[in-house]
Every structure is written in C-alpha cells, then in structure tokens.
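Participant: Using the hints, put the two standalone chains together into the complex.
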Amino acid sequence: MILIRNVRLVDALGERGPADVLIGEGRILSLEGGAAQRVIDGTACFLAPGFLDLHAHLREPGEEVKEDLATGLLAAVRGGYTDLVSMPNTKPPVDTPEAVRALKEKAKALGLARLHPAAALTEGQEGKTLTPAGLLKEAGAVLLTDDGRTNEDAGVLGAGLLMAAALGLPVAVHAEDAGLRRGGVMNDGALSDLLGLPGNPPEAEAARIARDLEVLRYALRRAQGRPHLHIQHLSTKRGLELVREAKRAGLPITAEATPHHLTLTEEALKAFDPLFKVAPPLRGEEDREALLEGLLDGTLDAIATDHAPHTLAEKEMDLLRAPFGIPSLEVAFPLLYTELHLKRGFPLARLVELFTDGPRRVLGLLSIHLEEGAEASLVLLSPKERPVDPGRFASKARYSPWAGWRLGGWPVLTLVEGRIVHEALE
Amino acid sequence: MRHLLDFQGWTRQEVESLLDTAKVMREVLKRPIKKVPALQGFTVATVFFEPSTRTRISFELAARRMSADVVSFAAQTSSLQKGESYKDTLLTLEAMGVDAYVIRADSAGVPHQATRWVKGAVINGGDGRRAHPTQALLDAYTLLEALGSLEGKKIAIVGDILHSRVARSNAELLSLLGAQVFCAGPPSLLPQALPGARLTPSLEEALEEADAVMVLRLQKERMEAGLIHLEDYIARYQVTEARLKRAKPEAPLLHPGPMNRDVELEGALADSERSLVNRQVQNGVAVRMAVLYHLLVGKEGA
Chain A
123 MILIRNVRLV DALGERGPAD VLIGEGRILS LEGGAAQRVI DGTACFLAPG
173 FLDLHAHLRE PGEEVKEDLA TGLLAAVRGG YTDLVSMPNT KPPVDTPEAV
223 RALKEKAKAL GLARLHPAAA LTEGQEGKTL TPAGLLKEAG AVLLTDDGRT
273 NEDAGVLGAG LLMAAALGLP VAVHAEDAGL RRGGVMNDGA LSDLLGLPGN
323 PPEAEAARIA RDLEVLRYAL RRAQGRPHLH IQHLSTKRGL ELVREAKRAG
373 LPITAEATPH HLTLTEEALK AFDPLFKVAP PLRGEEDREA LLEGLLDGTL
423 DAIATDHAPH TLAEKEMDLL RAPFGIPSLE VAFPLLYTEL HLKRGFPLAR
473 LVELFTDGPR RVLGLLSIHL EEGAEASLVL LSPKERPVDP GRFASKARYS
523 PWAGWRLGGW PVLTLVEGRI VHEALE
Chain B
35 MRHLLDFQGW TRQEVESLLD TAKVMREVLK RPIKKVPALQ GFTVATVFFE
85 PSTRTRISFE LAARRMSADV VSFAAQTSSL QKGESYKDTL LTLEAMGVDA
135 YVIRADSAGV PHQATRWVKG AVINGGDGRR AHPTQALLDA YTLLEALGSL
185 EGKKIAIVGD ILHSRVARSN AELLSLLGAQ VFCAGPPSLL PQALPGARLT
235 PSLEEALEEA DAVMVLRLQK ERMEAGLIHL EDYIARYQVT EARLKRAKPE
285 APLLHPGPMN RDVELEGALA DSERSLVNRQ VQNGVAVRMA VLYHLLVGKE
335 GA
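Going down the list, the protein sequences come from chains A and B. Each residue of the first sequence is one higher than the one before, counting from 123 in this note's numbering. Each residue of the second sequence is one higher than the one before, counting from 35 in this note's numbering.
Keep in mind the hints are simulated off the structure, nothing from the lab. For every residue, glycine included, the Cβ atom is placed at its ideal position computed from N, Cα and C. Errors might be hidden in some of the hints.
[What the hints assert, rightly or not] Just so you have them, the derived chain B footprint on chain A, three or more residues with Cβ under 8 Å:
id, region
1, 317–326
2, 389–395
3, 439–448
With the rest of the complex left out, here is chain B (with noise of 0.2 Å):
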C-alpha cells in the first residue's frame, strides 16, 4: 500500500500484518530508551488543515520515536490564511523533500486530492466525516488486546454516527476484521446506510450482550444546527452503568476523546476499570509508528 487513505481495496492480511508491526512497536516503547533508527532519513510532515492537537502530536511522536525529522504545518497559523490553496502548500513541503504526509482537514476527500498533487505517501489524519483510519486501527489493536480476537464479536458503536469518520472507518475495519458492528444513534444523527455496520436507534440493542462498546463524542454543532435536543440525547443515548448491564459483564469501553462527562458517557465510567481510554493513547504511537514505518520502508524489514 503506498497511501493509508481508508480501509478500501485493503485485505484482512495487510491489516494484521500491520497490526503484527505495531506489537512490535509497542514493545519498543516499553524500553527505557524509546526510539530506533528505523526512518532515519526520513521527513514526515503532519499537515493539519483542521486544528488537532491530541492525533498531531501522536503522529509526531510515532514518527520521532522511529528518528524521522518531522515538519508541522497548521493552517490557521500559516499561509492558508492569506488565500495560499491546499495544493499549494503541499507542493511547497514536497519541494522541501517530504516523504510522508499525515493530513487532517474538516473535509472528506482532502487526503485523496493531495494524492494526486504530491509524490510521498500520504497518509489520513482525518477528513470531515469520512475516515480516520490510524484512530480505527488504533481501536482495533486496543480491542485485540482486550478480546484476543474479533471474530463473531459484537461492537457497539454508540452516537452521532452521521458526522462520525471514528465510526465510519471503524465499521469499515472492524468488519473487515471479523468483528458484528452495531452502530446507534437518534435518528436524525444516523445515516441511510453504513457499509459493514447494522444501524440501529436502539442503543438497547446495540448494547445487548455487547462484546466491547465504543462512544463517540457528540459535538455542540449538532444541538446548533437543530438536529437534537441535548437532554432527549442524554436520556435516551448515554451510555450509563445501568444500560451497560446490557452488555457482556467484562465488555470493554472505548472513546475516541475528547470526552464530554455526562453527555455521551455518564462520567464515572470514564474512570472506571472498563475504560481503556488511557490504552488506547498508548496504542496510538504504536499503531502510527507501525503505519509510518509500512509506507515509508515496507513490511518486508519488520
């Protein structure tokens, strides 16, 4: 693969193949001196035309943690500003001699344009409602590690899955995986349809013997734009320790952060046992490393 844009045209084995790489990595961050000299030689640019401080600096650290240099281009301190196209500022780093390009932006389709402009790999940070792939993989990994496998497993995904790349990418990979996705939402918040997901409105049936559970942030946006009342959301779409009861009893929590307390997840559980919040941060490095390190070098030197 020379682009990690979403989880089309890609096969179940590249993706446990990249997931075998990101053990590795994940080991290479447990020793005390946290890097190897796998992408000296490298330049990555994270390339963030939407501000995104958590993945941005996990990106970063992945790609220093493998001794790449590493350039950051954030569009509302730059030249984007002043009028300067996407096309433009991208054609400005690959002059610079950039291999790898890590690209956020509020819009679906920004990292597949940028293919057709630049030369280095390109790989999705994000784009609108679209995908996030490293977050899904990411999300995967986590999952992996708390299940053992995916197969026949059920995954509730549980929010506004509509404006949601998290969920999108997350049905395309966890499915691709083995796993049952259910995706909930009020109904003005889901989609026609989802390919690898079910959708339902009924967080009941989601959660029902529920294997792991992964929430979604709901934005302020959407209470703005009309499309919900925040307290039928509450009611009706928390996820709280009564509904979770639901679930399979050890059934995992997941949330791609950042969190709103008691709006989409009653607070406690965010502390409590369940909540791999904190693991699935760690597993992001990991998991970006393994990304960065399969686009820029190849499987083949793991």
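Here chain A stands alone, though its shape is the one from the complex (with noise of 0.2 Å):
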C-alpha cells in the first residue's frame, strides 16, 4: 500500500483537491486516506492519470544504437508516460504477429511503461500491399501507420482504411506530399530562401490531408464499421484548418500535435544546428499560434512526442544528411507545463487531458479518471524547476533542443497499476 498525502488531483474533469491517495491491489483504494507501508508527502504536487504517447520511435529492432526498448521505455516513465505506442518503422519494419508478439513479450518483460506496437500498414512500409491487420490486431498491434514514409498510393491507403475498420482499428498518416515536399529540410519560405536550404512547403502537408479526407470518405462509405483517420503530427495552421472542417462534418478523424511544434518555430534553424531539422519541419508563429488554438478548441485531440532519437554524430551531419527527429520523451509534460500552463495560462486539465483521455481516445481505451477504485498507473508531477539537462536522459539520445530551459513539472514518481516504476523523490 502505498499514500500520496495531501496532494492536489488533475485529470481531464478538473482540479480538486487535495486529498489523500491510497494505493493498492493496481487501484486507488481511497482518496481519504488510509494505512499504508510507503507514505509519500505530496504537497505542492498535483497527481495525473499516467500518460500515454501516441507516437514514440524506440529503434528496436535493428537499430538499438540510437534507442532499444530498455533506454525508451525507462526514459518514457521517467516522462510520466505509463503507455506508450512504438512507431513500426525500425529495421526490419514492424509487419508481422511475429514482431508485434516479440515487442510486446520483451517490453513486459522490462515492468516499464506498457508498451503498445503500432504496425505496419503496408508491407515494408512500403505503401504498396496491405499487411495482416487482423492477425497484427490479434498479436497487439493497436494502430496500423507507415509513419516515416508517406502514403503515396491512395488506394492502397483506403483499402488499408477499410480493412483497418472492420477490426476498430485507427489509421495514422504521416500526411506530407512527397513531390511537394521534395528534398526540403526546413520550412518553405522567405527564411529558407534566406539561409540557403530546400524548403519543404507547409502546402505539402495542407495538400495530403486533403487528399486524404477523401480517401475517408470512400473509405467511410464502403466500410462496414466505421473508418478512422488519425492525422500525425500536424505543423501547419492550413492542415488544422482542414482537421477542424473534417471533425465539423462529422468526418471520424483524430489529430496530434507534438512538443516541438507547440513551443519551437523556423527561426531555431537560423543556427545552422540539425538537432532543429525534424518533419514534418518547424513552422512560423503563426503555425504555432493555430495549434495551440487547435488545443484548445478540441481540433487536436493529444499531444504525442514523435520521440525521434538519433545518435549525436548522425545529428551532427550537415544539414542535408542529418536525419530528421527530435527527442522528447522525458522533457514533453514539463515543457508544455511550462510553456503552455505557467506562462500562457493555457488550463491545466485540459493539458493534463491531451497526455492521458486525449490519447486514449484515438486508440479506444476507457478514460482514467482519480477516483475511488481507478487504475493507479499514475504519475505524480512537481512545480519544482530545473533546466533541462540531456546529460541525464535515459534515453540513448543525450541531447535536446530544449537544453537549458527552466522547466517545472517534472515526474517525480510514475505508477503502472500500482507499480512504481519511477521515483525521483527529493
């Protein structure tokens, strides 16, 4: 049994608090209190359902010299994340039972954050034939993407809809149009022209999603069950736009946007430094400023990392061959704290929404809410700051955009059903 004393609650129905949190048997046996073996003093702290990343590449397998299972799913708890969705496009590509089965057997193993595979749509990820999405969904898998790669085979994609909506499953698009984009590597505009670098167009986004609202609705009208879209990583105030629309005409279509969308924008390229070059890449203020509406006004429906860790050598190319990522996953819930709650005002439950039923909801899973007899996978969250240090990163990638920024709620204790798996109590 373990107690959170006098600790405020956040979840996505609001703040309250505080109260007292008893733990046991995976639940949360009382909020009045109780005996337990472990009390833990939580004043000044709030606790949250734990989170759950709806876009994480852990490498494994076959490139583990940038991330394993051990080194992202350790650095996931440590980011509050009890659940975490791993993208398939490792070495080989995740396109078998088998490799979902083997993922999902190794990552229970380790007792960290729950691992759910995402998988292949196509095989190889190729965009070309359909994988077994019945027997994948039997193995784990829990959402069908070719994340990486574009889909550039519409029909494929609406096929892959249509059998993806027999079984519940969702569909994730990295939606970028590959002949637009090009060789970009930076936003596409008067900035890139300035320093020189090919520009991939915030059109190239606007213009996929477009395309594939469409394949949506084919897909929604020849299914049986009901298609779902979900939009990765979405950059652009265009691509909200269209999002936005979607969801009004009832279009069944979720949307992420990530940390490094939500708080950085072009200019950090000015330094000439690939840790910026991601893709989709960053944007202008304006770009910005539309997601954080999207935020709020339900366009979005979560924030997911698109944790992309690299080797630091591999980010310190040039800027043409360096690989596109940033990783997040142990700064993403005190960076929006702080940059999105402390100094914007943004609500918090409504934060706190975006990391844990936001996400949940694309993948169908029952809310968490704090209340009597709740799951306790839990993450317990302090207002304390510090700067980012990446020299202390669990995971293999030991650098960050975000280096030196003071940040405040960090996860000092992380829960999976009564579990503690990670604790930085001071």
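Facilitator: In structure tokens form, the structure reads like this:
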C-alpha cells in the first residue's frame, strides 16, 4: 500500500483536492487516506493519470544504437508515461504478428511503461501491399501506420482504412505530399531562401491532408464499421483548418501535435543546427499559434512526442544529411506545463487531458480519472523548476533542443497499476 | 572579424578595408617574386567536403603566396567515406595545429557548424546554396576595377538564382557597397525573397541600363528535377549579344565559372572584350590572400 498525502488531483475532469490517495492492488483504494507501508508527502505536487504517448520511435529492432526498448521505456516512465505506442519504422519494419508479439513480450518483461505497438499498414511500409491487419491486431497492434513514409498510393490507403475499420483499428498517416516536399529540410519560405536550405512547403501537409480526407470519405461510404483516420504531428495552420472542418462535418478523424511544433519555430534553424531538423519541419509563429488554438478547441486530440532519437554523431552531420527527428519523451510534459500552462495560462486540466484521455480515446481505451477504484497508473508531478539537462536522459539521445530551459512540472513518481516504475522524490 | 561565413554583421567599412588589402596583394602578384612572408608559421587547411578544384587551388595559392603552410583535405579521397564525421575530421585537423579552415560543403551551414567545433578561423569556401563570400568579394573587386564605384550602379545577376550561393552572396555584398542588384531567372528558379536584391522573371528588366551583368552557371540537375526545360531556358534567358544591347554599352560580363558555353551565355560573348572572366580568376587569388591576412593577422599590419 502506498499513500500519497495532501496532493492536488488533476485529470480531464478538472483540478481537485488536496486528497490523501491510498493505492493498493493496482487501484486507487481511497481519496481519504488509510494505513500504508509507504507514505509520500504530495504537498505542492499534483497527481495525474499516467500519460499515453501515441507516437514514439524506440528503434528496436535494428537500430539499437539510437534507442532500444529498455532505454526508451525508461525514458517514457521518467517522462510520466505509463503507456506508449511504438512506431513500426524499425529495421526491419514491424509488419508481422511475430514482430508485434516479440516487442510486447520484451516490453512486458522490462516492467516499465506498457508498450502498445503500432504495426505497418503495408508490407515493409512501402505503401504497396497491405499487411495482415487482423493477425496484427490479434498479436497486440493497436494502430496501423506507415509513419516515416508517406502513403503515396491513395488506393492502398483507402483499402487499408476499410480493412482497419472492420477491426476497429485507427490508421495513422504522416501527411506530407512527397512531390511538394521534395528534399526539403526546413519550412519553405523567406527564411529557407535566406538560409539557402531546401524548403518543405506548408502546402505539402495541407495538400496531403486534403487528399486523405477524400480517401476517408471513400472508406466511410464503403466500410462495414467505422474507419478512423488519425493525422500525425500536425504542423501547419492550413492543415489544422482542414482537420477542424472535417471534424465539423462529422468525419471520423483525430489529430495530434508534438511538443516541438508547439514550442519552437523555424527561427531555430538560423543557427544551422541539425538538432532542429525534423519532419514535418518547424513552422512559423502563425502556425504555432494556430496549433495552440487547436489544442484548446478540440481540433487536436492529443499531444504526442514523435520522440525520434538518433545518435549525436548523426545529428552533427550537415543539414542535408542529418536524419530528421527530435527526442522528447523525458521533457514533453514539463515543457508544455511551463511554456503553455505557466507562461500562457493554458488550462491545466485540458493540458493533462491531452496527455491522458485525449490519446486514450484515439486508441479507443477507457478514460482514467482520479476516483476510488480507478487503475493506479499515475504520475506525481512537482512544480519545482530545474533546467533541462540532456546528460541525465535515460534515452540514448542525450541532446535536446530545449537543453538549459528552466522547466517545472517534472514527474517525480510514476506508477503502473500501483507499481512504482520511476521515482525521483527529494 | 574572426570568421568569414557570409556578410551578415559586416559593415561597408570592413568590406572596403578588406578590398583595400586585396589591392596591395594584387600588386604583390605582379612582382617577379610573388611571395611575401606575412603568414609564415601559420597553417591553412582547405577542407573540401564537395569537390571544387578551382576554388581550392585559388585558396591554396593565396595561402602559399603568403608563406603559410597548406594542408588539404578532400572528402572523396579521405576518411569521410568511411563514416568519419565532419566534426571528427575538423577536430583531427585542429589537433595538428591548423590556424584557418577553408570549408566547402554541399550543405548550407557546415562552416557555421564548424565554428562551434574548432578554435581557428573559418572561411566559407561555398556552402550549398547559401553563401560563397570570397566569390562575391572577387566579383566586387573586379566590378570596382571596371566601374570605379558601385554606388547606385545597376548589377544584373542572371540564371538559377534559387540554387545559387554566388547570387546570394553577391546580393548581400554588392548591395552593401551601394549597388542596385537585380536577379533575373525563370520563375521556377527564383526564391520567394532575397535580401539586398530585386527579383524578376524578366531578363529584359534586369538588363535594361545595367552597368554590369553577371551570368550564373545552369546546373544539369535542375533539368533532371523537372524544374526547367533546357530549350526554354536558352530561348528566354541565355545572355546574348542582341539582348545585351539593353545594358549600358560598355557593361562588363562576369561569370563565376565553370561556364556552359551556349547555355547560359552565348559562346562568342565569353571570349569578347566585355568578358572579365579571366580577371575574376586573377583577382580571386588576391582577394583570398586579403581574407586570410585579415582573419589571421588582422588588418592593422596591412
């Protein structure tokens, strides 16, 4: 039994407390205290349901030099995540039931965050031949995606949506038009012209979302069951508007945004540091503001990290060759707690929802609220500020665009079904 | 200035002082013994991650004319092929006691990145589409020789502006020296904006009353990428004798080389009296001597 005393509670329903939260048998037993072997003082801290990340690249199998399940899932619990969806663009891609099972078993043995593998929508993520969706689901896949690649063949994507609809699986897309994107390494515009870097235009995202919405309509018209399209890492104002209109029209669509698109802009590229090279690229301030609006009005359902670790040597290549990606599992919540809630007054309950019930709904999981009887997958967050120190990351990617930023809201205790998986109490 | 990466943050005075030093160097190069001891004991490395014989030779000659030791690193023959990083390469050279690095790369920003890793002076020898500051300096020097001053002069730059580091650096530098820079090229090869330059898809507009015309090399990759049709380019953007009639009668012609004769420039024009191409190459060595001198010794000794 664990007792967390005098702690404020925050979940999608709002802020409450303080309460004395008694945890045992993997559940919240009481909000009014009780006898426990372990008593933790929660004064000044707040307790939230464990976070779920819809989008993380853990690189196993095949690229363990960048990250593996052990380091990635440890980074996750340190970031307050109790659940995580791994992307299938590994080497080889996760496109068989055996590969899904292997990941699940290995992650389970680690006993850290719970792994929910995404599987490839098409064989080898090549966009040509569908994978065995039913068998993948049986093995434990929770989502189908060719993330990292763009689904150039709309017909295959349409068929994939139909197959997934019958199984109740969402299909997630990395929505960028490959032709417009070309070799773009940063946002296309006056700044990319000035810096002499190939631009990836915002229209590449909007154009692909517009196409995919028509593919979704096609699937909706023909499907047995309800297709579900999820737009990954939305980065542009125009893309966001398209998703908003689609939601108003009642289309079964959800969307996520990343910590980097919510806190950084293309201006960061002025230093010519490939640490800021990411796909889709960091955009303009107007796009960033639009995304914040989208978090508030529900156009965006979740904040997802797109945690994309690479070796430091790779990120110290030039801007044309360095790989795309920013690691953020360990800073995502403190970053947004500080930059959005503390600095801009973004409502805390909504922020927590975007890390908990929001992504849970995308996967069709039940909500977790801090009530008696609820599953004790929880995170205790401390408002105490400290600078981001990538040298202390559990992730193998020990660098960060936010290095040195002073943040509060750090996870000091993470519990999965009542079991402590991360502890950094003072 | 510790490095020469581009002309951001440079004043007109600093550029003029550098060009004055280049004038002194030009005199040195006319002597029977073309060598001064100014950089004796210094080591200059040319670090070319992208091949370019002309620029590399020009820099190496410039360094040797001033008695510096020169080492050269070329990616295609060296360890970069084996996966050694830019950083490792530069740190290895640093450990050998290099004082100045001339860096050429196909990606914008590599010289900027290098300044974070090495203590020595970094000279941008051309980085991707972004900047080629010594090319712009030698162009400015050559134009000043021909025109006396750049104040209020109209300079036309013609060709693939979008992918050109020469156009970017010249727009930056020539406008700093008071010139009006017009960049003309096909719409698919024009950037959205370029500080210091007026962009136009009209070759005629750029050439009209121009005091000088700079023609850029058209790379084959642009045709391969489907951005332009070669015949269309030649028909509408090739600089020809007839089209040059719009410019001032004596307006000189510049080209950064290497030239595609009868593509961007009518072949006969390349050899005409208007062409300053050889002058550019000669001035290149003097300008690079001046740059090395300013960065390694400081202009006080000039």
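Participant: Apply the coverage criterion to the region 389–395 of chain A and chain B: a residue qualifies when its Cβ sits closer than 8 Å to a Cβ of the chain, and three qualifying residues are needed.
Facilitator: Result for this restraint: holds, n = 3.
Participant: So is the region 439–448 of chain A in contact with chain B by the C-beta rule, three or more residues under 8 Å, or is the coverage claim wrong?
Facilitator: holds (count 5)
Participant: Closer than 8 Å Cβ to Cβ for three or more residues is the test here. Does the region 317–326 of chain A pass it with chain B?
Facilitator: holds (count 4)
Violated hints for the displayed structure: none, as all numbered hints are satisfied.
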